[in-house]
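Engineer: Residue-level listing of the chains:
2 protein chains.
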Amino acid sequence: MAGGIDFLFDFSLVLEGNLRNGEGITTHVMNQGLRRAERAAMTLASRQAAGEIGFPGLPFLEKEARALSRYAAGMRKRFTHLLVLGIGGSALGTKAVYEGVGGEGARKGLRLTVADNVDPDAFFPLLRRLPMKTTAVVAISKSGGTAETNAQLGLAVEGLRRAAGKRWKEHLVLITDPAKGAFRRFADSQGIDSFPVPPNVGGRYSVLSPVGLLPLAAAGVSVERLLAGARWMESTFLGRKGGENPVLAAAAVYSHYLIENVKPVHVWLTYGEGLARVAEWWQQLWAESLGKRRPTGTPVGQTPARAVGVTDQHSQVQLYQDGPADKVFTFVKWMAGRERGNVPASGFAPGAEILGGRPLRDLFDAEFEGTIGALWKAGRPIVRIEVGKRDEAHLGAFLHFWEWVTAIAGECAGIDPFDQPGVEEGKIITRALMGEKGSGKRREEFLRARKNRIPAEIRLADRTPGGPPRRGAVRGLRRGKG
Amino acid sequence: MAGGIDFLFDFSLVLEGNLRNGEGITTHVMNQGLRRAERAAMTLASRQAAGEIGFPGLPFLEKEARALSRYAAGMRKRFTHLLVLGIGGSALGTKAVYEGVGGEGARKGLRLTVADNVDPDAFFPLLRRLPMKTTAVVAISKSGGTAETNAQLGLAVEGLRRAAGKRWKEHLVLITDPAKGAFRRFADSQGIDSFPVPPNVGGRYSVLSPVGLLPLAAAGVSVERLLAGARWMESTFLGRKGGENPVLAAAAVYSHYLIENVKPVHVWLTYGEGLARVAEWWQQLWAESLGKRRPTGTPVGQTPARAVGVTDQHSQVQLYQDGPADKVFTFVKWMAGRERGNVPASGFAPGAEILGGRPLRDLFDAEFEGTIGALWKAGRPIVRIEVGKRDEAHLGAFLHFWEWVTAIAGECAGIDPFDQPGVEEGKIITRALMGEKGSGKRREEFLRARKNRIPAEIRLADRTPGGPPRRGAVRGLRRGKG
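In order, the protein sequence lines correspond to chains A and B.
As numbered in the numbering used here, the first sequence has no gaps in its residue numbers, which increase by one up to the final residue, 482.
As numbered in the numbering used here, the second sequence has no gaps in its residue numbers, which increase by one up to the final residue, 482.
If you're looking for bench data, these hints aren't it; they were derived computationally from the structure.
None of these values were measured; they are calculated from a predicted model.
Be aware that one or more of the hints could be misleading.
Copies of the same chain look alike in the list, so a pair counts if it fits in one copy or across any two.
What the hints assert, rightly or not - Derived pair list, reagent style PhoX-like, types lysine-lysine, alpha-carbon separation capped at 20 Å:
{"hint": "1", "residue 1": "K133", "residue 2": "K166"}
{"hint": "2", "residue 1": "K451", "residue 2": "K377"}
{"hint": "3", "residue 1": "K441", "residue 2": "K377"}
Build the full structure now, drawing on both the sequences and the hints.
Structural biologist: The following block contains the structure:
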């Protein structure tokens, strides 16, 4: 890979020898954890061999990636803008890599907008801003049944029809299951271009499939280098034993704080432009893969929290430092930044002169070290990860690293890191509330339960400018209807 | 207030009668909580009377607000852009209100950029993008000693000098302590315009002081209506008893999950454009006010987590639904959205027809209710807050509401909700690493501790394009130096 890859996984500050307050991991426990991670990796390898798990093979689909690149090059000739319709795993990977490499202006390609909400106050203005005559639309839903993406697609097609008339189909690409679902039928029956989501790759593990690769390639990102970075991480993972293997070491450390010395919260503190979006991608991966019930019914899971350094030092560090010892911390930074500018040498107030005449980066780096140092002193378990720089190869390696770490941690915790049974209930109630046919009974049931609940609300409505609040309907604390 | 104010605080789904799994609050406990909140409010009232706490009085400084508005009107005549330099409480309130009312284009005023980081890869490009000849710079630091804001200011002044020569001072406004600190001395000695931060108002409670009001007024936001909304909430709070008082009811509910049935995580799910930024402001308020040690040494605090509806239903709800019962949820939405557009009636795939021919908002609203319904069914404690609409009066009321709720919850928890002792350690180490004079011993101490720590790191560096990873320096799991 041009420029090579640099990667550091430093778990010094989770070791018992460095954390003498009982929060650290002893050599014995770490070795146990490594063996547990190795066993989990073997289980996953057999699931992979059985065709159940597809994500580890994605980096090797080089031929398919080249075909996607060629298709994307054609899109770049025909359009100026790209609108991606998708939500969750259909959006977060694309956003992470696009912002990770530098966002708008960092690569020559279509101007990318990812629409991952159906908030009318966001989606309608977004549609109005786009020049639909030169906009390509990529709609992504593995099942084809995602309500949000369907609603977005209805509106986008309406816009394309207005802008391009009968040629609207030439603006549209669907990414969906190769054989089934509403999107697949729509693509096949209408003759709309489409790309497949491998059936054994779930949304949050799909960034290196066409789900991420097509939009990214169209936006000018080198998907070949992205895959090369992921292949490098895959071979690193396959080629190293125990404590020398960054994936296994990370899985051992994190599963310790997931299931042994349980920490309800896993905080990422990211230092470097673009990493905040990578953190959002990780947040889905970590929450949705690990937050679930074991077959025994016991819940497991960790709330992923994102903080941006140095900004959130002034917002969250007070809690991290003095609050409950219920967190494990991951600090992430780029090894090499881009900007090298100096702070001017003069004009500083007393006490601030140390800032002048030196790179601004000195301060940024010192705050990274200072925050780690302070949290370490407070006895917090801390992992430190450094990623060479903001380019495709490093992002491919980093994302693939986390996919493996998460999958293995889930396997260690005795849950399936690839399903998401808990999202169905909300969808069912939503569809019932929308009046879906056949949902009559469930809808009645839900509405009845809601009607029967004990109300406790304080409703204030003031129509008198400047005057005291009018007494609204206040109900509360009484059993029965308020 | 033009248009009036609507506000709903609904705590039905934390009541024991609606949550039969032991997670709910009984009438007895709620009444106890209300009394505790009332006592806490009285304690805070005496601290206010003693001049220790300033935030409740800010909404009443109407004369000062009018003066700020006039000054801001002058800025709007001279400039096109406004750059705010500040971090934490000096930035988050401004961002919350600006995005809350609609962000760029929603109000006629200077185009606002808030620089709240010293990441060189963010700050230098930002400076280059701004037309400094017509840019006003507002630098905010209560103490004047914030390292980040000092470094930013050095660079911004350099840019202003290049663009405006000797007239650079006319582009600059400082907001800082009225009497002391480096910013105050700088303003006074150089004859630079300045506005005061009241000494008894801390950063995270300062949005309604000049810290937030000046930038917002310059950006075209009506600070008079913002204050009017806060005054309305203040009089609501002062005029209502116990369970009819939204502030006291909220403080009773949240302090229950903070100190009695302890939930390590407080999740905000926001449904509506602009609310995500308000959530960031709240996140500092909640984390930094409540995350600390009691005088006895016991830690208290709750990790504030932000999720955006409906997007993060596809990222976090799996964890919320099936993961550990360690969270309390607050759902926030605007009562009235702006956009009323319909989804087209035709072209839907089987199963998705219910989406067509009706407002997109129907889906958005149904998902809000559906997610609440599903989490309720899973036995999670849920608060629901609805705020009339995206305007200044509602935001003023909402922010003031949370300032009171947070302060009272902190008082109930036996800690001081206005200090932040835990942020000092990181600053000290940072300054030591930067080579601050007089920090020699602390620096040596920290560097020695760091040198003596047991290393465990996996460092990978690959320079061979496409080949297997070269074996890097791998150290780990051995006591002593690696």
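Engineer: Kindly indicate which numbered hints from before are broken by the structure, ordering the numbers from low to high.
Structural biologist: Failing hints: none at all.
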